[in-house]
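The lines below spell out each chain.
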Amino acid sequence: MGKIVAVTGNEACAQALKQINPDVCAAYPITPATDLMQRFSGFVSDGKVDTELVLVESEHSAMSACIGAAAAGGRVATATSSQGLALMWEMLYIAAGTRLPIIMPLVNRALSAPLNIHGDHSDGMGARDTGWIQLYSENAQEAYDNTIQAFRIAEHLDIRLPAMVCMDGFIVSHSIERVEYIDDADVKNFVGKFQAVHPLLDLDNPKSYGPLILTDLYHEYKRAQHEVMTKVPKVVLEVASDFEKMTGRKYGLFETYRLEDAEIAVVVMSSAAGTTKDIIDQYRDKGVKAGLLKPRMFRPFPYLEIADALKHLKAIAVLDRADSFGGYGPLFMEISSAVMSMDTKPAMINKIFGLGGRDYLPDQAEQVLDELVKVAKTGKVQTVKEYIGVRE
Amino acid sequence: MTTKPLKLRELAKGEDRFTHGHRMCSGCGAPIIVKQVLMATDYPIIASNATGCLEVSTCIQQYTAWKIPWIHSAFENAAATISGVEAMYKSLVKQGKIEDKQVKFIAFGGDGGTYDIGFQSLSGAMERGHDMMYICYDNGAYMNTGIQRSSATPFGANTTTCPAGDIIPGKPQQRKDLTRIMAAHGIPYVAQASPAHWMDLMKKVQKAFEIKGPKFMNVISPCNRGWRSRTDDAIMLSKLAVDTCYWPLYEVENGVLKITVKPKEKKPIVDFLKPQGRFKHLFAPENAAMLLQIQADIDSEWEKLQKLAAFYGTEEKQ
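Which chain is which? The protein sequence lines are A and B, in order.
Residue numbers for the first sequence, in this note's numbering: 217 to 608.
Residue numbers for the second sequence, in this note's numbering: 1288 to 1605.
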């Protein structure tokens, strides 16, 4: 068994990267992800890893260097947040479209303007359609575990896609929590040896990467990319099963909490799920049949599996830590799409919370659950989308 | 590795690592430059390519003109992309996962992808000290998107975004001297070359490959579509660019500047401008002052360059 430590989310992810020992990492500082690659740089300077560290002049170049390195044929990682991810946007599509298994912890942070360095999911949601696998983490332990599992998922020969491991900026990245580390040898064994596919460095079989493809075949390429994504859930579950055998910690496409016999439920991702679970316990004690569903894998989104888990509910509140201005919250849109397949549809409300690091407090969870009780009773929704925790 | 002799007869027998059948326009300077660069050496080469004419015309669907490993990812990042490839090579060699085969890394980009949008990525990669060479084929505008001005477009040139009109007679600004800016990075080797002086260009490539660290080479690349010249003028124009001192051939090795080809007789700039339709309006009587200005600027830059060569004591070794 590994050892138990008190570390931040960033520290835990840096430890995971150290244990995995990628061949190349590219890094550019940005709050709150800076601390992660800074710690990793220390491992490089102390010779604890074999990684070639490329300290680039922008996040755009970070992802470009990762693309070059991954195409060359080796294990590659970087990390970023917020504006950094936004600057990478162009290259995110190219990493996915080129089928390069790059791993990137994303320390979720708000997007400008106004400038804000604190946690919300605007950055990750903005990268929703880039073709990256996205795993969201509730706490430092999940961020650590997801980072290790992400390499196996992304590098699987049926997949070969890049993956982001998301954790809430500051709330998780900078809070010290209890984390159980896995032994170095077990991590190494779990992740396995990197298998290069069509590496640029194979001089005897020269490959051209990044062709021009116009109307005659682009559409087919994109369908092929979609089809690869449909294979991801199976691999995520296989990897989770192996991971459980090694650590005893269970992971799925999503987590459910007291949901089986629930009448109302909250759907929320990442750190806010922990607070919500506590309040659900209190409501359960009062006899309210409340539950929770916490998506882990946001891309690809497991619509059918989530619909199956939510099908018995009377009312659902989807909490989004990001907004799509002029639309519903991004998670609400996904849950609505999942609900579409149900014969009897639950009533649904959407709450936007915690933007720019605004604290998500127990009273906000209580407010949501109280409203859900009413909605379940009457079947009527007053306002579909609403901000909570707002200063009036 | 011994440097191979630059004899036409021998070079012609060598394997083409950049093949015919690509879809560049006839008479384009860029593929000539690529051929000369790849022909100059027998080292294994891996190249990256910025989005642009060279890229879109040489790798389309299942067809590629590149017999070397080649990667294109986007427009502004050929330098960052190849720096990642080089870093992986270095890492895997260091870890003993692959054998060191003395692979050389090149990034190719046009002037738009190098002077403008890719400038930050280029500057960063050079500063980081990757063992790579960046080669800019400078045709003086965004030719791939239809002749829009770039910071490499010369003063007075007519492009689609600085058209010679009734009020504004072509590009109002001077071109950026990127070669000198790259030399200011303090990297071990920077050079300016022309495909008309193929021996000079290939020698520079050979020399650069024997130097560890970042290298930059700026090569003038006539574009008959953008320059409004005849399709068989590329070599003539790139020679005139040198003979008029519009495009002096020099190198900066470890900070020491040396003029590598000095024209026997410096020709007037109009000899270079006249065959190009993009400068046609400059020959109208009302723009006579612009022509004088261009000549004066070239004279002054050439003077400065010679003084620098004299300062480094490299002048008399011509």
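Any given hint could be a false lead.
Facing chain B, from chain A, some residues (calculated, C-beta under 10 Å) [to be verified]: (1) Gly-284; (2) Ala-302; (3) Glu-306; (4) Met-307; (5) Val-413; (6) Pro-415; (7) Leu-416; (8) Pro-422; (9) Gly-595; (10) Val-597; (11) Gln-598; (12) Thr-599; (13) Val-600; (14) Ile-604; (15) Gly-605; (16) Val-606.
Computed list of lysine-lysine pairs in PhoX-like fashion (alpha-carbon distance at most 20 Å, straight line) [as the list claims (entries may be wrong)]: (17) B/Lys-1391 <-> A/Lys-423; (18) A/Lys-409 <-> B/Lys-1377; (19) A/Lys-409 <-> B/Lys-1391.
Think of the hints as simulated: they come from the structure by calculation, not from any bench.
Keep in mind the model is a prediction, meaning the values are calculated, not measured.
Positions of the beta carbon are idealized from the N, C-alpha and C atoms, including for glycine.
Now for the hints, and whether the structure bears them out:
1. Gly-284: Where the cut-off is 10 Å and the nearest Cβ of chain B is about 3 Å from A/Gly-284, the hint holds.
2. Ala-302: With Cβ-Cβ at 15 Å, over 10 Å, it is violated.
3. Glu-306: holds, 6 Å
4. Met-307: Holds, about 7 Å.
5. Val-413: Where the cut-off is 10 Å and the nearest Cβ of chain B is about 14 Å from A/Val-413, the hint is violated.
6. Pro-415: Since the shortest Cβ distance to chain B is 8 Å, the answer is holds.
7. Leu-416: A/Leu-416 check passes; min Cβ-Cβ to chain B is 4 Å, inside 10 Å.
8. Pro-422: Constraint on A/Pro-422 satisfied, holds at 5 Å.
9. Gly-595: Check failed: Cβ of A/Gly-595 comes no nearer than 51 Å to chain B, outside 10 Å.
10. Val-597: Status violated, d = 45 Å.
11. Gln-598: violated, 47 Å
12. Thr-599: violated, 43 Å
13. Val-600: violated, 39 Å
14. Ile-604: violated, 40 Å
15. Gly-605: Check failed: Cβ of A/Gly-605 comes no nearer than 39 Å to chain B, outside 10 Å.
16. Val-606: violated, 39 Å
17. B/Lys-1391 <-> A/Lys-423: holds, 16 Å
18. A/Lys-409 <-> B/Lys-1377: holds, 18 Å
19. A/Lys-409 <-> B/Lys-1391: Violated, at about 27 Å.
The structure does not agree with the numbered hints 2, 5, 9, 10, 11, 12, 13, 14, 15, 16, 19 stated previously, though it agrees with the rest.
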